[in-house]
Every structure is written in C-alpha cells, then in structure tokens.
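**Student:** Here the protein sequences come in this chain order: V and A.
Counting from 1465, one number per residue, gives the positions in the first sequence under the working numbering.
Counting from 647, one number per residue, gives the positions in the second sequence under the working numbering.
A hint or two may mislead.
To give an idea of the interface, some chain V residues facing chain A are shown, with a C-beta separation under 8 Å as derived from the structure [unchecked claim]:
1) LEU1665
2) PHE1709
3) SER1712
4) LEU1715
5) THR1735
6) GLY1776
7) GLU1782
8) GLU1784
9) ARG1785
Take a look, some chain A residues computed to stay more than 10 Å from chain V by CB distance [said to hold, decoys possible]:
10) PRO681
11) VAL741
12) THR746
13) HIS753
14) HIS759
15) HIS771
16) HIS800
17) SER829
18) MET886
19) SER930
20) ILE935
No wet-lab data here; the hints were simulated from the structure.
Please read these numbers as outputs of a predicted model, since none were measured by experiment.
Where is the CB? At the ideal position from N, CA and C, for every residue including glycine.
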Amino acid sequence: MKSLFIFGGRVVDPASGFDGRADVLIRNGIVEAIGSNLEAPGVPRFDATGTIVAPGFIDMHVHLREPGIEHAETIETGARAAAAGGFTTICCMPNTIPVNDNATVTSYIVQRARQVTKVNVLPIGAITKGSLGEELAAIGSMHEAGIVAISDDGRPVMNSRVMRRAMELALAFDIPVIDHCEDLNLSAGGDMHEGAQSVRLGLRGIPAASEDVMVARDLLLAELTGARFHVAHLSTQRSVAMVAFAKSKGLKVTCEVTPHHFAITDEELGTYDSNFRMKPPLRRDRDVEAMIEGIVSGVIDAIATDHAPHAGSEKMQEFERCPFGITGLETAIGLSLSELVHTGRIGVVRLVELFTTGPAGVLKLKQGTLKPGGQGDVTIFDLDHEWTYDAQQSCSKSKNSPFDGRRFLGGPVATIVAGETIWQRGS
Amino acid sequence: MIALDQKMAPGLLDIEHLERSAIEQILDRARFFQPPPNDSYRRLESLKGKTVVNLFFEASTRTRISFEIAARRLGAETLTIAAQGSSVSKGESLVDTLNTLAAMRPHAIVMRHAASGAPHFLARHLKIPIVNAGDGTHEHPTQALLDARTILDHRPSLAGLRVAIIGDIAHSRVARSNVHLLSKFGAEIVLCGPPSLLPRELADLAPGVQLSWDMTEAIQGADVIMMLRVQLERQHEAPMSSGEYFRFYGLRLEHLNFAKPNVIVMHPGPINRGRELSSEVADSQKSVILNQVENGVAVRMAVLERILS
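With these hints in hand, go ahead and build the complete structure from the sequences.
**Tutor:** So, in structure tokens, the structure goes:
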C-alpha cells in the first residue's frame, strides 16, 4: 500500500461534484484528502501541474483472452495496455476458453489478475452455459466468486425465454444483464454495415435492424422482469432512441458506446483493411452523430472500448475470413478528447463521468470516485500533448488497431492504483 | 475513398478507381488486337521475356483461358495455378502463397478469388502488379472492359446509351464493374432483378443508375441488355421460388420488342439456357455473346501490355 501526494492539477471528481485546482493525498493506498495547502511530509510527490486529475478510469467491456487464447492476449498484457490507456479498472467478458460460466473459471481470473497486475480486473460471467444460449450458467456461484455482471457477449442469447429467465435471476444478485444486441439470423454471413458502402465493396451486409430488433426485445424483457439491463456497444441511431425512450419510462436501462462507433464510419472500409472489421460494424454518419448526441444528452452512460485483441495471423487474411474486433484500450482517451472534447461537444467533467461514475453506476462499483476513504485509484490526463499512436509499440499482445498512425491531442499522463504509479507517459 | 491504383504497384484492381482516359486507351488498343475477319490473330513479341502467373482460387474456364491466350499472343510466358492441388489446400494463408509466388519474380499476377477485396488486400502487402480477374461479389474489371469493347463494336459511343442489366445484381461483380464503367461514359443504366437481389443502395453506386423490379420496364427502349447468371453458390437462401425466376426475370424473344430494334443481348457466361435467358434469345441475331468472348482476349492483351511494357 503506497502513499502519493498529487499536487498542482485540476481535480475533477464528478461523484462529489468537485472541479478545481487541488491536491490529492493518498496514504497507504487510500484517498485521505482533497484540498489545497495539504501537508504530506515524507510522502512521494507527483507534479500534476497542467493536467487533469480524475478518479481511476473504468473500462467495463474488454476481452483479455485468458484462459485459453493467450497467444492473442493475457490478463497481464491486457492489463498493461489498460494502464497505458489510463484505466485502473477493467471488466473482462466471459468468452474465454473455457467460457467463464462457472465459479472455478471466475476464481481463476480473479486470482490470476491479483498475481500479474495491479489493475482492478472484474470478471463478467456468462449468461448461459458455454454461452450456447440454452441453459443458464452458474450465475449465483459466479457472483460469489466475484463477477459484476452477466453477458453472453459476442454470442447473444437468441431465445427470448432464456433471456427472460436470466434477467429474473440477475435480480436476485442485483447485477445487470449486459447484451451484445444482434439478431444472429439477420446478421448471418455479414461482413460490415449494410448500406451503400457494403454494396459498393461487394461485402455482405449486417443491417442496423439486426441490432435494433434485439435492443427492442431486450427492453421489453427488462420491462417485463424489472431487471437491470445494459446495452453493450450500441451503434445505431434507433438503438439510442429506444434506450432514451425506455429510460423516460423509468426502466433500469443503461448503455455504453465504444470510441470507434463515435469516431469513424463505414467509409473507412474502402481498403478492405481487416482492422476496420468489428461487431457491431462501423455505421453511417447519422449513427455516429446519434452516438455523440446520446453522449451529450446523457442517454449514453459509459464509454467502453470492447478491446478485442486478435493475433496478427488472424487479421492478415481476406477481409471476410478475419475475426471481428479491434484493440482499443490505448486509444480510448485520445479518441474521446479529439471527437468529443476538442470539438466542443462535451466538457471535461462529462468526459470523466463517462469513464468513471457512468460505468460505476451501471455495475454498482465502489470505484469511480476520489472521495476520501476509497481506494486511491487515479487517472491523470492532459488535453494538449501531441502524440501519434504506434500499434507496434502497444502493450497489448495484439496490434489490430484501426488507429495505428493516428495523431492525437491530449491523452493519458499517468495511471495510479492504490497510490502506486503503475504507468507513466514516456517511461 | 482512397484511390487504390495510384498508391500501389501498377495493376488493375477495379474499374471504380480507373480513370476514364485509361479506359479509353485500353479500349482503343484492344481494337488493334482484334483479329481481322476470317483470319487468325497476329502473333506479337511485345511481352517477350515476361512471366505472368494466373492464380485462380475459384473455378473459371473462360476467364482463365482468355488471360492465358492473351499473354501468350504477346509473347509472354504464362503459368496457371488452380487453388485445388496447390499449397492453398494445405492451409497456407493467402499472403504466404502470394509471397512465395512473388519470390519467383513473375512480372504480374492475374488473380481470381472468392473474397471481395482479396486483390486489394494483397496489393497493400506486395510490390508486384496484380490484375483482378474477379474478386468475390465486388468487381471484374476486364469483363467490363470487354463488354464496353463489344458495345463499341456495335455503337459509335457509350454516351446516352440505355443499358439494362438484369439478374442477380447483388452478387454480381460483373454488374458492379459495368456500372462504374458505363457511368463514367454517360450511359443510362437500369438495374433489374427481384428485390432481395437488388439492394436499393445500388442507385448510389454511380451517376445515371436506376433500379427496377419489372423486366419489361427495364428493357423499354434499351440499346443493350446484359443478362447475368443467377449465382446460386453465393446465396444463402433463394430470393424467390426457383420455378418463378425464369417467368419474371428470364429473357425471352417477346421481351425484345420493348427494346430498340437494333438492341444487342450480352451475357458474361456461362449461360444457363432456360434459367436467365431462353435458347432462342441466346442463339438469335441480337446475341453478341460470342463477340464478348473474342473481345475478352483482345482487351486482356491491352491490359497486360499496359501493365507490363
């Protein structure tokens, strides 16, 4: 348990409403005080002048590939990429081999994470056994072992009756059901968003309706059951509108968006570069605009990366043969700053919310605030440092980023967990 | 949209990014390579010492042979590799296969592949010129060039012509290449097929494109009718009851009355008589299907010469 005195920065803590020049004192891993003229003799000092000092950022949607797919990523390398991207807490999806559908796998992930990283790794359990969509997984015992939500991410539960039962059971443990909303019959065989660009490129389409149909179904089931329901990585104009409607009706519904879905469109696929291949697919301008409006209006609760590492050999193939997914941990803050803050769409406080109180609220986590008494997890970032992302230098084992070579203005400066600086720019 | 051709080794990846002037030059040069009536082709030496590898990951007879003959008539050596029986079937990746071939220093690779964009993907990783001989449901540039050459053998220019393209447009690389080419020259293009084979976004593919679900309407006043094969192998489900397809989208003699009197009927082949067009149409005076095959060699000679010399 380390101590650290962070001085000279602009402290932004949405949970307490604090925003101003202040110092943060972390003693023995715990936030002791925020204020000016704090005295901390003998405590190591961190000069945060010119930067923003925020609660540790949370990425509620990552794939760490361990156990089973360690050639693409491990808990250790994924967590290192998280730290390099400014995240102190990450929630890992259950589509490992074996699937995290029982307490043994959950415990393995929790224990392994303790051994290899300081980053808080919070597992998400499967909804159904093997994520096959048929029989409910051991949700109660996984909850005891440490899962914070359930999801069959990537292999959505197609059977509405099974989904209903899952939502009902999740009520008992007060955890949200997270759905990757995709009607697999409508999207079957698809390579990219269905529209003018897919027709032009001769690639098979994934219609927006394949997402919208499932969002609609799940919202109706959330109303039926009263469950906490969270839409993963929504990407369409209609999805945002439906979530807004459900929220206005008082349903316990939340949603997240990835940086790539508010930053780029399907126009990027002209070179058949598989680093632009993911689910949901990159959509149209109007969808990107709807994502940004959802962020501005508050309909969207969180930004999550859906960090999905794939080994180079898997991505160096014909477009239609490549697996879906891109890495995202190291570019999330940079993209959010360039597309949301520097464009004047949102301010810094809202940005911090999307990475802290937003996801913490969805998952009812204790993280996401700098209130004294809590763990000293801090993300320090700036708004004006010019840098270029080099995927080959990534801390992740995989390099499948569409943002390789992109220039950014502002990004993470340091990542601090329980008072210990686990990553710092330039070191 | 990035102009792929300009960024990479000079090959021929698609018509969409090919300049109108380049198309004109190829079509002009192809006329030079057309055989004189009742005579055999001239034998040329302009590509002597060059090696062209034909790499066909998808079954093809006419395109493969056409490229082989074109290369040989220009004095080049050709080597044809079919995917079956090659290292591809042993699990080698596409990039490795191409790298291996490139290490043997051919001067160009002519490639057909079932995946859209496969030649574009390779062109980003290899320095050798690649000629796209058909990629998935994307483009088939030399087919559009030979179709244009064939039309120009029967009409003074492409501008203002009404061209009806009928059939499985959604899965047709021939249709996409033809739309881009004809549009660049100011033709009016009507795409026609059952709704699930005719995505409405096709109307935005290029200027001058209209869509129709009605064959009679599409053929009205047409100068050219291009029939496409129904690509059963690319479909997950039937767009309509199979018995009904020919009834609503098959070309029969009586349809030709709606077109211009001097209409020509084209088909990229292989034709399925009784499926997308009747035998009577295929064998009629209006059919220029065999001219297309003949022009295939001439156009591919022009393309190879342009890329290799």
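**Student:** Hint by hint, say whether it matches the structure.
**Tutor:** Status of the hints after comparison with the structure:
1. LEU1665: Holds: closest Cβ of chain A sits about 6 Å from LEU1665(V), inside 8 Å.
2. PHE1709: For PHE1709(V), the interface hint is violated, since the closest Cβ of chain A sits about 28 Å away, which is over 8 Å.
3. SER1712: 33 Å, violated
4. LEU1715: 34 Å, violated
5. THR1735: Hint on THR1735(V): holds, closest Cβ of chain A at ~6 Å, below 8 Å.
6. GLY1776: 10 Å, violated
7. GLU1782: Holds, about 4 Å.
8. GLU1784: 5 Å, holds
9. ARG1785: 7 Å, holds
10. PRO681: 33 Å, holds
11. VAL741: 5 Å, violated
12. THR746: 15 Å, holds
13. HIS753: HIS753(A) is indeed farther than 10 Å from all Cβ atoms of chain V, at 24 Å.
14. HIS759: 7 Å, violated
15. HIS771: Non-interface label fails for HIS771(A): nearest chain V Cβ at 8 Å, not farther than 10 Å.
16. HIS800: Given a closest Cβ separation of 29 Å, the condition holds.
17. SER829: 12 Å, holds
18. MET886: Non-interface label stands for MET886(A): nearest chain V Cβ at 19 Å, farther than 10 Å.
19. SER930: 32 Å, holds
20. ILE935: 24 Å, holds
Hints 2, 3, 4, 6, 11, 14, 15 from the earlier list are contradicted by this structure; the remaining hints agree with it.
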